[in-house]
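Taken in sequence, the protein lines are chains A and B.
Per the numbering used here, the very first residue in the first sequence carries number 1; after that it's consecutive.
Per the numbering used here, the very first residue in the second sequence carries number 1; after that it's consecutive.
These are computed hints drawn from the structure, not numbers from a lab.
Backbone N, C-alpha and C define an ideal beta-carbon position, used for all residues, glycine too.
Residues on chain A that point at chain B, a partial pick, calculated with CB under 7 Å: (1) Phe21; (2) His25; (3) Ile28; (4) Cys29; (5) Arg36; (6) Leu39; (7) Asn116; (8) Ile119; (9) Val122; (10) Pro124.
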Amino acid sequence: MSAPAMPGKVAGIMPLRSEPFGLRHYLICLKGVVLRECLRFLHQRERFISSLVRPLVWLFIFAAGFRQVLGVSIIPPYKTYVLYEVYITPGLCGMILLFSGMQSSLSMVYDREMGNMRILLVSPFPRWFLLVSKMLAGVAVSIVQVYAFLIVAWLWGVKAPPLGYLYVLPALFLSGMMLCALGMLLSSLIKQLENFAGIMNFVIFPGYFASPALYPLWRIQEASPLLYKICLCNPFTYAVELIRFAFYGQIEWLSLGVVAGCTLLFLGGAIIAYDPSRGLVIRKQDMGGNA
Amino acid sequence: MQHMRTSGPGDEVAALDVRAVSHSYGQKRALNDVSFSIAPATFTVLLGLNGAGKTTLFSLISHLYDTRHGSIRIFSHDIRRASGEALRRVGIVFQARTLDLDLSVYQNLSYHASLHGIGGREARQRIAALLETVDMQGRQHDKARSLSGGQMRRIEIARALLHRPSLLLLDEATVGLDIESRAGILATIRKLVQAEGIGVLWATHLIDEVEDADHVVILRRGDLVASGKVSDVIRANGGSSIRETFSKLSRVDAAGMTETLP
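Let's have the full structure, built from the sequences with the hints guiding it.
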């Protein structure tokens, strides 16, 4: 690089006393974080396609095969018998949110390894706000994926009540927040990208299968009381039920409470984990601290 | 404890004031009771061999790590108690590349602007001006992945300047670059000090990046061994050049081993 001519006052410097950040600045920051996440998502077309293909495989193949095997009796919120495809659609929405939440955790580990995370963490905005922004960005991307799936499912003939597509939005948002917060918390515990496979085996698969996403809880209770109890301890169970009821314009209050509570719990854990006095320092210490 | 002031009149607000800072990774001590301050509008070189504690110090100043022992103030704002105010005044170029390779130059810079609450037309104007400053005008739509190492560094410098910091921290900013790129980046930063009055802390292990008019802070294995104007440091240590002085000060006493300069 040749030393370029400095074209006059290029930067200026910040005065010793500056205006505190107002709401406008916070919104600019939030918008920037969400936009970056969306741009990254758009640049990674494979990620979008795989996020769409995964639930569609379950819907087109798994559900078609199991339709005759698994009968779904009339259970709330359904007022009549429903096709198995209809039953598992909320679970598949939850699956997209679950995978997307873990994907955002993966991207945080990647960002940390690549150094991009530092740019976020040295922002002058409060750490909690940056993490919430990052979480909202992940939820926005998740919800886009869920609606893309619902459009394809609708074309396939798996339809919810028309207004259900609107009613379900808050449920998707809250469930997405919970799963992104969980992903964020897990990302603070993962030292290396390679360790992410453990998340697949110990979080995603058990979380998904030990829930009413694929089969009603009463059937699980009949098959294994222990598994039923495990399902009741699984936050993902409540996310799926919250989404299921929301499709029919109903609120499942227990699920709402559990999902909201877990969101706060996981987010609080992530904020503590990313506190400079804990998360990064502890990892650095573990790595031997190459100064 | 060694507390050394690199420059500036006594009652001037220091751009950076590091006092009695220590940091350990488990049992391993990375910084040991380090104190120094740097005045605004000065170019200060943080010299030290690999493992001297430069990156740890940067991580503490940028609040990536918590300062548990000692204090760090940026224009009198304590990094622990008023981290937001302190970080608003600091621009940082990290040793590792931190551009998002999937995004364009403009998108990378715009993202950083938003992280400092700068958006819209103001962000666009600042980005355009800074790309010109770092000689990268017309490249805003290029993917970061397509840039060379030197070009990435220039973009990172532009990014660090976007929010108009009063203090610029650069950690081994020229590592891995060819001689021409190194000289260009160094010249750009030195001009910023003169033209804009920005204080600069330039961490390096390359002694030939130090000029006679600079200030230096020399670390050895976590200890601050010298600080001040280059001429004062040379005189105080009985050397004839900064290279010789640095070599002498970097010598590891234990087991009679001597580390060699790059």
